[in-house]
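Residue numbers (our numbering), protein chains in the order written: chain A, 1 to 321; chain W, 1 to 393.
Since the hints were derived computationally from the structure, they do not count as laboratory data.
Backbone N, C-alpha and C fix where the C-beta goes; we use that ideal spot for every residue, glycine too.
Be a bit skeptical, because a hint or two may be false.
Said to hold, decoys possible - Using C-beta positions, here's what the derived DEER-type ranges look like: (1) Gln-82(W) x Arg-248(A): 48 to 58 Å; (2) Tyr-19(A) x Asp-108(W): 52 to 62 Å; (3) Ala-358(W) x Pro-228(A): 55 to 65 Å; (4) Thr-6(A) x Gln-17(W): 34 to 44 Å; (5) Tyr-19(A) x Ser-188(W): 48 to 58 Å; (6) Val-289(A) x Lys-338(W): 43 to 53 Å; (7) Tyr-19(A) x Leu-155(W): 43 to 53 Å; (8) Val-289(A) x Pro-314(W): 49 to 59 Å; (9) Tyr-17(A) x Gln-17(W): 21 to 31 Å; (10) Leu-22(W) x Tyr-19(A): 31 to 41 Å.
What the hints assert, rightly or not - One-sided excerpt, in silico: chain A residues whose CB lies under 8 Å from chain W: (11) Tyr-19; (12) Phe-21; (13) Ala-48; (14) Arg-56; (15) Ala-90; (16) Glu-123; (17) Glu-264; (18) Gln-268.
What the hints assert, rightly or not - Sample of chain A residues at the chain W side, in silico, Cβ under 7 Å: (19) Tyr-43; (20) Arg-50; (21) Tyr-311.
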Amino acid sequence: MTGHRTLSELASPNNGYSYAFLDEYAKRELRRKTLKAIAIPGYQVPYASRELPIARGWGTGGLQATLSLVGPEDNVKVIDQGADDSVNAANLRRFIFRVSACHTTTDTLAATIVQSRHRVPEEIMGEHQILVLQVPDPEPLRGVESDIGKSREMHGDGEYGLLWLGLYEQLVRYRRVTIGASYPALVHGRYVMSPSPIPRWDVPKLHMAQHLTILSAGREKRLYVVPPYTSVKPLEFDDVPFRIENQRGWTCRISGGSNKFMSEIPLQSGGAEHEISDTSYREKLVADVKRVDGTECAGVPYYDNETGHFYIGGFLKDEEL
Amino acid sequence: MYVAARGGEQAILNAEQLFHSLKSTFNADDVRRVESTMPYLIDKVMGEGSLYAPELAALAILYTGGDLYESVLMLRAFRSTQPRIAYAKTLVQDDWLTVRRISAAFKDIPGGQILGPTLDYSHRLLPLEMLDNERDHGPISSTLPVQMIRNSELLTRQASLPAVADWQRAEGLLPELPFSASSVSPDSLPDVTREPMHIPADRAVRLQLLGRADTGGILSLGYANMRGYGTVHPTVNELRLGYADVTITHPVSGEPFSIGRVRLSQAEIVTTFKGAAEKPELALGYCATIGWNEIKCIAGSMLDMAMDLPKPHPSHTEDYVLHHTDPVESSGFCIHYKLPHYVTFGSDLDAMRAVTAAGDYLKTTGASVPLGTPGSFSENAPNGAAKSGKELS
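Whole structure, please, built from the sequences with the hints as guidance.
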């Protein structure tokens, strides 16, 4: 009999936490599930979803996707409602940096990974970039079928009649489709997805996008993907087109910009002023105004600055009316 | 390396510092003190945290100032990083050191009723005299709990504490177990911390989720069932608290050895007239937790049974119970409403203003069309097809 070795001798030394917090088994699972989600656009892939040292429901789904991707060379941008300095965005960025030693940025164009809650940035993202959206509820059918066992079957059968009926009932009652954020969209002609609660303004940006979009719901343990150059069609009737938010005539009180998604700021004296919600883009507009050499740092936006037209002509039928 | 830092970053650091500065400091002795004086609090946090680590639970409780949802989250977040290096041998009831075992189904049971440690029959009077007294409360004892039991006559009775259900099976009142515990390899069981849940759920998944569920959540749903929302009319067949040695196989010698002793609790409830109509049988509901968590075990075992009904009450389906009783997920999502929602709110407001601006809404709908509760797809939108939903953001 050879000499006994203790468990502590046999175990590898305790290094505290793994790189990017998640252990390698968790990262492997996430990467495999992400690849599956890329292969089946819009399909919700269940995953184990580990607890993170951030409150559940505060972006832990997006965070797990980001942590499975991030490396020391990455440049990570985190936004909440479009703002880099929102306290939760600041906290998530601080955490990602703390566990991965990545670079961080507020510039959409400089980022390799953009993790976001409720917004897609205004500047057109490129093929080298990944957008990670934090998702509270991945299930577009939740409003008509709350049991996830049944809604999975409905997705399998492509049975979306109740969603269409819901739109129709809104038309009957209000003469308008009354969905605000989380507008359901058909991905690659097959699965209807909830694009996370981004405003309707942002949904067209996912259509035929150059970048990869990963949507991840930590609490609900589902992730899904819009791969680059994939069709994303908001549900609309032939004669009742999908409409983005009507902010025509709104001007940003800070940058003077227009035709970008704005936040409404109520005034004590009554009425309201408006601010561009994408703070990074807004700051670029302010900087560009100050430049004397005529160069611009702001990138090309999805919606034209002057006319407000979406960059893919004909996609928004409402624009033609 | 460029690090983006903004005003929000300093604010959150200050806020955390203020939280800690509004309570007194603590040290390693305080951690031990919390562990030894509040075992039931420790057990609640360990049970929900799904990690048997009394010292870490005490540390989490102190660090969070006793905010239990935060304590549970800290334990879970630590647990989620730990690799599974071994599977323990299945714990069989006969191997427990049982300290409390009661049955409401029979006056006396084989092995006898053991009241054990409980406040059930105490007078809940605050010991106000303690406040003016230097004396410690409670019996003065330097012996460890397990040693106390060792020294008592309880130890001699351990060998003869068969499960009440065993007697019922022998009497033909309960169906036979489909398989024995020893025939199931622990590593063949699903693990809710490593695999996503599906509905309908494997029973092992269900029992794991009940075991780590929020005590209050389980009690609330279980209580609704007890009050008649559902058709379960159960009796506590057996409630058991005890200690058990966790045994794993030594990776080198292959010999089983104990890696430590844990507190465990379990409840089994029973109901009559189940099975085929011509041969009605008893049916069991079950719940077990790490640590001594009696209320969760009793309410959880009732929910286990309720979920088995062919047509459970809507609040007692697997989907409903298992999704809504996780302490980390439910508390986390609840507090997330503190986060800004001005983008989604603005979007919803736009949809509402569009209707108002069009002005044709009242004309076309009239009073005869009933309005649903708000929110077909989003919070402030009107009701849509079939039933209302809600925006989750």
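Here is how each hint holds up against the structure:
1. At roughly 55 Å, the beta-carbon separation of Gln-82(W) and Arg-248(A) lies within the given 48 to 58 Å, and the hint holds.
2. With their beta carbons about 60 Å apart, Tyr-19(A) and Asp-108(W) fall inside the hinted range of 52 to 62 Å.
3. The hint said 55 to 65 Å for the Cβ distance between Ala-358(W) and Pro-228(A), and at roughly 38 Å that hint is violated.
4. In this structure the supplied range 34 to 44 Å holds for Thr-6(A) paired with Gln-17(W), their Cβ-Cβ distance being about 41 Å.
5. Look at Tyr-19(A) against Ser-188(W): about 31 Å separates their beta carbons, and that is not inside 48 to 58 Å.
6. A hinted range of 43 to 53 Å is violated for the C-beta pair Val-289(A) and Lys-338(W), which are about 35 Å apart.
7. The given range of 43 to 53 Å is respected by Tyr-19(A) and Leu-155(W), whose C-beta atoms sit roughly 49 Å from each other.
8. Taken as a hint, the range 49 to 59 Å holds for the pair Val-289(A) and Pro-314(W), whose Cβ atoms sit roughly 57 Å apart.
9. Between Tyr-17(A) and Gln-17(W) the CB atoms are about 23 Å apart, so this pair conforms to the stated range of 21 to 31 Å.
10. For Leu-22(W) and Tyr-19(A), the hinted distance range of 31 to 41 Å is satisfied, since their beta carbons lie about 35 Å from each other.
11. For Tyr-19(A), the suggested interface contact is broken, since its CB lies about 11 Å from the closest CB of chain W, more than 8 Å.
12. Proximity of Phe-21(A) to chain W holds as hinted, the smallest CB-CB distance being about 7 Å (cut-off 8 Å).
13. For Ala-48(A), the suggested interface contact is upheld, since its CB lies about 5 Å from the closest CB of chain W, less than 8 Å.
14. Nearest Cβ of chain W to the Cβ of Arg-56(A): about 3 Å, under the 8 Å cut. The hint holds.
15. Given hint, Ala-90(A) at the interface with chain W, holds; its Cβ is 4 Å from that chain's nearest Cβ, closer than 8 Å.
16. Hint status for Glu-123(A): violated, given a least beta-carbon distance of 16 Å to chain W, over 8 Å.
17. This hint holds: Glu-264(A) has a C-beta 6 Å from the nearest C-beta of chain W, less than the 8 Å allowed.
18. Look at Gln-268(A): its Cβ only gets to about 17 Å from chain W, farther than 8 Å, so that hint breaks.
19. Given the 7 Å rule on beta carbons, the hint for Tyr-43(A) is violated: about 14 Å separates it from the nearest Cβ of chain W.
20. Evaluation of the Arg-50(A) hint against chain W yields a held restraint, the C-beta minimum of about 4 Å falling below 7 Å.
21. Proximity of Tyr-311(A) to chain W is violated relative to the hint, the smallest CB-CB distance being about 21 Å (cut-off 7 Å).
Against the hints set out earlier in the document, violations occur for numbers 3, 5, 6, 11, 16, 18, 19 and 21.
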